[in-house]
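Numbered according to the numbering used here, the sequence shown spans residues 1 to 265.
Among the hints, erroneous ones may be present.
Within a straight-line C-alpha distance of at most 25 Å, the following computed DSS-like cross-link-like pairs (lysine-lysine) qualify [to be verified]:
#	residue 1	residue 2
1	K182	K120
2	K212	K253
3	K120	K212
4	K12	K248
5	K12	K253
6	K212	K12
7	K12	K120
Derived DEER-like restraints, expressed as beta-carbon distance ranges [as the list claims (entries may be wrong)]:
#	residue 1	residue 2	range
8	F80	T102	34 to 42 Å
9	F244	P26	23 to 31 Å
10	F24	A216	30 to 38 Å
11	S111	D249	29 to 37 Å
12	T102	D193	36 to 44 Å
13	N243	A112	43 to 51 Å
14	E264	A42	42 to 50 Å
The hints are simulated quantities; they were obtained by calculation from the structure and are not laboratory data.
Backbone N, C-alpha and C fix where the C-beta goes; we use that ideal spot for every residue, glycine too.
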Amino acid sequence: MKISPSSKSRMKISVLHIPHSSRFIPAEERARFALSDIELNAELLRMTDSFTDELFPPTDHEAQRIVFPVSRLVCDVERFPDDGNEPMATRGMGAVYTVTSTGARLRTELSAAERERIMKRWYDPHHTVLTSAVDEVLARHGRCIIFDCHSFSAHPLPHEPDQDPRRPDICVGTDPVHTPPKLISVVARLANDLGWSVAIDRPFAGALLPTKHYRADDRVNSIMIEVNRQLYMDEQSGERLANFQGIKDGIGKIVSAAIAFLLEG
């Protein structure tokens, strides 16, 4: 049975995942850090995907947005839970960081019991919410697209594997199973039309999915959109630039175009 245009216009099939926008560190977690306040503020400026909870605007097709409420320095919900599967764990930056982006010691200590506490307190509940959101969309509409929403520094940070100084305005991260090639083309073409340079899976690669659906449910699509911070903020002060709203509008157009493509397919 064909879906009418009016029905398509009401289909809320997108889930926005925004894992790194928060600078908030609860007092009980702050007490476990080895950094001074000045050092911590500098690290938060480097590592936070500032304003991404605002930069990706709501669309008519958004079912839910999952915003991690605390800083990634407390727990990085974008990483694999098992350090054995997480490449960044070899750099001390798995799901629970032990070092900063510059290699300084982040925590006073991290025992196995402490890591388990953090994962149960922060990581597991977040992914339960994300999985439930995707399941709800699938139950209603039979398909779901996850937008994995990030930003990145205009210059490579010391901990990053990709140290190429030539960075695009927009990085599109993909999964070989859950990101259709034509969807990648739609996003890249519109970003180019807006005057932005685009790279695919560079300087960051991949697109997050709940473990339940990863390589198990082709009704779920996922695409990561990373925005170069120099487009919308002063990376030294952490303040928005005057053109913030224009960049936000452009990102909204990209997200809407991606959803429209999937609904028409």
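Now for the hints, and whether the structure bears them out:
1. K182 <-> K120: 38 Å, violated
2. K212 <-> K253: Given that 25 Å is the threshold and the Cα spacing comes to 30 Å, the pair is violated.
3. K120 <-> K212: 18 Å, holds
4. K12 <-> K248: 20 Å, holds
5. K12 <-> K253: Holds, because 16 Å separates the two Cα atoms, which is no more than 25 Å.
6. K212 <-> K12: 21 Å, holds
7. K12 <-> K120: The hint is violated at about 30 Å.
8. F80 <-> T102: 34 to 42 Å: 23 Å, violated
9. F244 <-> P26: 23 to 31 Å: Hint holds: Cβ distance 28 Å, inside 23 to 31 Å.
10. F24 <-> A216: 30 to 38 Å: 33 Å, holds
11. S111 <-> D249: 29 to 37 Å: The hint (29 to 37 Å, Cβ to Cβ) is violated, given that S111 and D249 are roughly 47 Å apart.
12. T102 <-> D193: 36 to 44 Å: Holds - the Cβ-Cβ distance for T102 and D193, about 37 Å, lies within 36 to 44 Å.
13. N243 <-> A112: 43 to 51 Å: Given a distance of about 47 Å, which is inside 43 to 51 Å, the answer is holds.
14. E264 <-> A42: 42 to 50 Å: 46 Å, holds
Checked against the numbered hints given earlier, this structure breaks hints 1, 2, 7, 8, 11; the rest are met.
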